[in-house]
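Protein chains in written order, with the working numbering: chain A, -2 to 206; chain B, -2 to 206.
There could be a bad hint or two in this list.
When chains are identical, the list treats them as one kind, so a pair holds in a single copy or across two.
[Unchecked claim] SDA-like, lysine to any residue: derived pairs with alpha carbons at most 20 Å apart:
| id | residue 1 | residue 2 |
| --- | --- | --- |
| 1 | Lys27 | Ile46 |
| 2 | Lys201 | Asn126 |
| 3 | Lys66 | Ile99 |
| 4 | Lys66 | Thr102 |
| 5 | Lys27 | Thr96 |
| 6 | Lys66 | Tyr28 |
| 7 | Lys201 | Thr102 |
| 8 | Lys146 | Asn31 |
| 9 | Lys66 | Lys201 |
| 10 | Lys146 | Val94 |
| 11 | Lys66 | Ser35 |
Please keep in mind that the hints were generated in silico from the structure rather than gathered at the bench.
Treat the numbers as computed from the prediction; the structure is a model and nothing was measured.
The residues making up each chain are set out below.
Protein chains: 2
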Amino acid sequence: MLNYDNQNGWPNQLGNYQSPIDLNTEVSTKYDDNLAISSDMYYQLTQEINDSTTIRLLGHGNATIFNRKFTFQQLHFHLPSEHTIDGKTNPLEIHLVHTNAIGQTVVVAIMVNKGNSNADLQAIINHFNNKEDQSVNISTNQWIPSLAKGFHYLGSLTTPPLTEGVEWLVITNSQITVSDNQLAWFHKNFTHNNRKTQPLFERKIEWYK
Amino acid sequence: MLNYDNQNGWPNQLGNYQSPIDLNTEVSTKYDDNLAISSDMYYQLTQEINDSTTIRLLGHGNATIFNRKFTFQQLHFHLPSEHTIDGKTNPLEIHLVHTNAIGQTVVVAIMVNKGNSNADLQAIINHFNNKEDQSVNISTNQWIPSLAKGFHYLGSLTTPPLTEGVEWLVITNSQITVSDNQLAWFHKNFTHNNRKTQPLFERKIEWYK
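All chains should be built: construct the whole structure from the sequences, respecting the hints.
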C-alpha cells in the first residue's frame, strides 16, 4: 500500500519510453494517410552552434502538428541515423525540435538518404566554424514535406536528460538528400553520434504510409 | 562532451516536471476562453476497484482534448485535493485518466467543492466493497462541463512510477459537489492520499478563466 507519509520513498521508475527505437513496420498501426503536420515552407535559422558532438542551429518557424500549434526551436544532426526502420540505418538524421505554450516537445526527425548535395546543408557546412555562437542567415527550404509520410510515436530526448513525454514524427519522404562529399565532411568533423535504439516495450507506433 | 561510446554512463535527470503543483493564478497565462475539451456527456463505469489508498473505476468514454481524440480509461479520488489553487485545497479531487493511440496521457482533474450530495458519487459509495474487481454499471453524468474552465499544464502521474509527459486539465467549474456525509464516508474508508505539491520550475501554466 502506497505510504502517503513517506512520499520520498516512492519508486520513480522512469525510463520505459525512451528514444530512439527501431521502427518496425510489422508491428506498426498502418494508416493510408499523411502525417498530420503542416509547417512554414521555410524555417529561418539564425544561430549556428558547435556542440562538439553535433551542429545545432537555432531559429524561427511555425508548425501545426496533429492539430496543435508548435514553434520551431532548433535543429541538429545525427550520423548515422538514430532511428532505424526495420533495422535499416540512414546515413543522416536531422532533428527539428518544436515546443508549444505549455512546454510539450515534438521532435520532427527527417531520415536523409544519400543523393545530390543539398544546398541548405551546404550553407550550414560552409558557415561552420568553432565559434560557440555564430549568427547565420540560412533557411530550410521545405525540409518538411507538405504531404509527409512516416512514423508517429511517444518517446524521449535522445541525449541527457533523456526526458520522456516527447512526441516523435519520423519523416521518410523528405526531398533532402546528402551527398558523399557532405557526409564525408560531417564524419571528418564529428564522430558517430547516434544513441543506441531502445526497447519498445508496450508502446504503439503509427505508420502513415 | 557527450561520450557516445559510454551511453550507459549518461545522466538521466528526470524529475523536474512533476505533479501536482500549486496553480498560481498570478504566474499563469490567462485566456478569456474555455478549456478545449468536449467529451461524451456520460462516461460508463464498468468496474470498481479497491486500491487500498483510493477507489478506482474503469470504464469507457470519448473526449476531444485540445483537438486530439482520447479515450477515457479510469477515474479515482484524492482527498483532499492534490492540486491547490493559490495555495487553497479542495476537499476532493477526481482524476479522469485518458489516453490516445500512441499512449499519451491526459488527466482531467475535477476540483470538487462541498455542497449537495452527488448521486453518481453516492452510487460509487453504495457499490463499494473490498472485492478486488467488482462489476458495476454507473455513469458519470456530465462531470466534465461542456464549457470547462480551469488550468492546463504539463506534469506527471502523481503516484509511482510518477511518469512525466502527462498533460493536465484541472477543471474548476464542474457541477459535482460532495456532501459532508459523503466526505465523511471517504475519510472513514481512506486516509489522506494527496501527494505534496511539487516545484513548478520553469513550466508555464495556462488559465482558461
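Status of the hints after comparison with the structure:
no.	hint	verdict
1	Lys27 / Ile46	neither (38 Å within a copy, 35 Å between copies)
2	Lys201 / Asn126	neither (41 Å within a copy, 35 Å between copies)
3	Lys66 / Ile99	both (11 Å within a copy, 19 Å between copies)
4	Lys66 / Thr102	both (11 Å within a copy, 19 Å between copies)
5	Lys27 / Thr96	between (26 Å within a copy, 19 Å between copies)
6	Lys66 / Tyr28	between (23 Å within a copy, 16 Å between copies)
7	Lys201 / Thr102	both (18 Å within a copy, 13 Å between copies)
8	Lys146 / Asn31	within (5 Å within a copy, 33 Å between copies)
9	Lys66 / Lys201	between (23 Å within a copy, 16 Å between copies)
10	Lys146 / Val94	within (18 Å within a copy, 30 Å between copies)
11	Lys66 / Ser35	both (10 Å within a copy, 19 Å between copies)
Checked against the numbered hints above, the structure violates hints 1, 2; every other hint is satisfied.
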